[in-house]
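Undergrad: If you want the building blocks of each chain, they are given just below.
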Amino acid sequence: MKKGNFRFLTYPLAVLFTGLLLVAFVAPQDKKFGGPWEIPANYKTMKNPNAGDADLVKVGKMLYTKHCKSCHGNVAGDGPKAASMKVAIRSFADAEFQKQSDGVIYYQSFIGRDEMPNFEKKIIEEEDRWAIVNYLRTLK
Amino acid sequence: MKKYIWFLIILWVAFNGVSAQEAEVKEKDKPVRTPFESGYLIDNQTTLIPIKGTLEYVIQHKFGKMDKGISDFYGIYSPGANVRLGINYVPVKNFQIGIGQTKKNMYTDLNAKWTIFEQTRENTIPVAVALYGMVAVDGRNVSAFETGKVVNTKGPTLPKSVKFDDRLSYFSQLIVGRKFTEWLSLQAGASFTHYNMVGWDYDHDKIGAHFNGRIKFSPQSSFIFNYDVPLKIKKISEQWEWTDHPKPNLAFGVEISTSTHAFQIYMGTAEGIIPQDMVMWNQNDWKNKGLAIGFTITRLWNF
Chain F
154 MKKGNFRFLT
164 YPLAVLFTGL
174 LLVAFVAPQD
184 KKFGGPWEIP
194 ANYKTMKNPN
204 AGDADLVKVG
214 KMLYTKHCKS
224 CHGNVAGDGP
234 KAASMKVAIR
244 SFADAEFQKQ
254 SDGVIYYQSF
264 IGRDEMPNFE
274 KKIIEEEDRW
284 AIVNYLRTLK
Chain H
259 MKKYIWFLII
269 LWVAFNGVSA
279 QEAEVKEKDK
289 PVRTPFESGY
299 LIDNQTTLIP
309 IKGTLEYVIQ
319 HKFGKMDKGI
329 SDFYGIYSPG
339 ANVRLGINYV
349 PVKNFQIGIG
359 QTKKNMYTDL
369 NAKWTIFEQT
379 RENTIPVAVA
389 LYGMVAVDGR
399 NVSAFETGKV
409 VNTKGPTLPK
419 SVKFDDRLSY
429 FSQLIVGRKF
439 TEWLSLQAGA
449 SFTHYNMVGW
459 DYDHDKIGAH
469 FNGRIKFSPQ
479 SSFIFNYDVP
489 LKIKKISEQW
499 EWTDHPKPNL
509 AFGVEISTST
519 HAFQIYMGTA
529 EGIIPQDMVM
539 WNQNDWKNKG
549 LAIGFTITRL
559 WNF
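Listed in order, the protein sequences are those of chains F and H.
For reference, each letter of the first sequence is one residue, going 154 to 293 in the working numbering.
For reference, each letter of the second sequence is one residue, going 259 to 561 in the working numbering.
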């Protein structure tokens, strides 16, 4: 096959490629946050048995770095994997997030839904889970 | 062999007795958090076993030696690479079984690891103790065995003389580990390696000493190392002199771990990947341009 046969494709391909490149920058901004969470009643009233345990914050930070950071970033929901998600990730510093009860955050973090995976088999101990909740509280 | 099996059974029973007592203490004193990030440490095992129901996929790769420098890009383009693909599963708490295939010697291996004790936070149990065992089949064509099986002469191996048993090799190891601080975990181990068939000037048995650990320098990253020494023990040697006594395996590198992966990239001496091969056959010397680049990647799934 002669090289020249496909020359006519050069311009359309260049336009397409440039277009895709631009879309790549634009698309993430169009993402929306996921809708309101349906939290079971027992989680809404769930008490944090380790509330205010400052020693656990360090443990929470370690676990956060290992399990959460790749999507959630340091705080703002801008980790390396965030771009490939369908929904936008809310910042932990956001008042919307922080006004929720510990139990609700527990449900969101470890039971999850859709793109937020379940972590019950990755973070097994209750104390470790609450350590993460306590750490998230420091990100105000 | 029979004696050996009896020994393992007795060990199992003895430790089970202790485990029962351990269960009572556990209520108060929990195991330490993540003494290691993965069950693998370069090409050694750690006392860590993921939670029950975990499936682990592992890719272990070693490039050729770096001795030719830039001409083969420090071994990356070298033909002497070795690779192992493995799958491990945790059917019951602290007990793992696995299967793997290695390029070198066309090994197919079955392995099992049992963490008898986990170190606890309040030091009720100050160390973690694990047993690891592997049996591997050398799957090569008989012509590849050269002088592997000869009775009286030093001639080549006769095709019909190699039976299935001859292809088997065994490795068993006792590992003791301790997480000293948040950033330092160390392990020491002793192992016994047996090959059913070796060349006329080699030993069938080797006892190895192992030392390895990790130094964590950020929440996700650690410096890791291991040093495996095949011991010169005259009593179990079949040879008069130490010709071709295997060289120690030294490796050091960096580990980065995430929720489901561990990435370990390192420089090490042994070209073998399965432990009995490293203890029995490593002739690369780190003091004499024997290092090669390698990596280990693990992926976990929970069911």
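Treat the hints with care, since some could be wrong.
Computed list of lysine-lysine pairs in DSS-like fashion (alpha-carbon distance at most 25 Å, straight line) [claimed, not checked]:
1. H:K490 <-> F:K211
2. F:K197 <-> F:K234
3. F:K234 <-> F:K293
4. F:K219 <-> H:K288
5. F:K274 <-> H:K493
6. F:K200 <-> F:K274
7. F:K200 <-> H:K286
8. F:K211 <-> F:K275
9. F:K275 <-> H:K288
10. H:K547 <-> H:K490
11. F:K200 <-> H:K351
12. H:K351 <-> F:K219
13. H:K351 <-> F:K275
14. F:K222 <-> F:K275
15. H:K362 <-> F:K214
16. F:K275 <-> H:K490
17. F:K252 <-> F:K185
18. H:K310 <-> F:K219
19. F:K211 <-> H:K286
20. H:K421 <-> H:K362
21. H:K351 <-> F:K274
22. F:K275 <-> H:K286
23. H:K286 <-> F:K274
24. F:K274 <-> H:K310
Think of the hints as simulated: they come from the structure by calculation, not from any bench.
Undergrad: Now tell me, hint by hint, if it's right for this structure.
TA: Now for the hints, and whether the structure bears them out:
1. Our distance criterion of 25 Å between C-alpha atoms is broken by K490 (chain H) and K211 (chain F), whose separation comes to about 46 Å.
2. Straight-line distance between C-alpha atoms of K197 (chain F) and K234 (chain F) comes to about 29 Å, which puts the hinted pair past the 25 Å bound.
3. Proposed proximity of K234 (chain F) and K293 (chain F) is supported: the alpha carbons are some 23 Å apart, at most 25 Å.
4. For the given pair, K219 (chain F) sits about 21 Å from K288 (chain H) by alpha-carbon distance, which is consistent with the 25 Å threshold.
5. Of the pairs offered as hints, the one joining K274 (chain F) and K493 (chain H) is violated, with about 49 Å between alpha carbons and a cut-off of 25 Å exceeded.
6. As the CA atoms of K200 (chain F) and K274 (chain F) are separated by approximately 21 Å, the hinted pair is consistent with the 25 Å bound.
7. Simply put, K200 (chain F) and K286 (chain H) have alpha-carbon atoms about 22 Å apart, close enough for the 25 Å limit, and the pair holds.
8. Straight-line distance between C-alpha atoms of K211 (chain F) and K275 (chain F) comes to about 18 Å, which keeps the hinted pair within the 25 Å bound.
9. For the proposed pair K275 (chain F) and K288 (chain H), the alpha carbon gap of about 17 Å is at most 25 Å, so the pair holds.
10. For the hint linking K547 (chain H) to K490 (chain H), the alpha-carbon distance of about 23 Å falls within 25 Å, and the restraint holds.
11. About 29 Å separates the Cα atoms of K200 (chain F) and K351 (chain H), which puts this hinted pair outside 25 Å; it is violated.
12. For the given pair, K351 (chain H) sits about 22 Å from K219 (chain F) by alpha-carbon distance, which is consistent with the 25 Å threshold.
13. In summary, the hint linking K351 (chain H) to K275 (chain F) is supported, as the alpha carbons are separated by about 14 Å, within the 25 Å threshold.
14. Of the supplied pair hints, the one linking K222 (chain F) and K275 (chain F) holds, its CA atoms being roughly 15 Å apart against a limit of 25 Å.
15. Distance check on the hinted pair: K362 (chain H) and K214 (chain F) sit about 42 Å apart at the alpha-carbon level, beyond 25 Å; violated.
16. Using a Cα cut-off of 25 Å, the hinted pair K275 (chain F) and K490 (chain H) is violated, with the two alpha carbons roughly 43 Å apart.
17. At most 25 Å may separate the alpha-carbon atoms for a hinted pair to count; K252 (chain F) and K185 (chain F) meet this at roughly 20 Å.
18. Distance hint between K310 (chain H) and K219 (chain F) is fulfilled; the C-alpha atoms sit about 20 Å from each other, no more than 25 Å.
19. Between K211 (chain F) and K286 (chain H), the direct Cα distance comes to roughly 22 Å. Compliance with the 25 Å bound is thereby established for this hinted pair.
20. Of the supplied pair hints, the one linking K421 (chain H) and K362 (chain H) holds, its CA atoms being roughly 20 Å apart against a limit of 25 Å.
21. With a C-alpha separation of about 13 Å, the suggested pairing of K351 (chain H) with K274 (chain F) holds against the 25 Å cut-off.
22. With a CA separation close to 22 Å, the supplied pair K275 (chain F) and K286 (chain H) stays within the 25 Å bound.
23. A C-alpha spacing of about 22 Å is found between K286 (chain H) and K274 (chain F), which places the hinted pair at or below 25 Å, so the restraint holds.
24. For the proposed pair K274 (chain F) and K310 (chain H), the alpha carbon gap of about 9 Å is at most 25 Å, so the pair holds.
Hint compliance for this structure: hints 1, 2, 5, 11, 15 and 16 are broken, all remaining hints hold.
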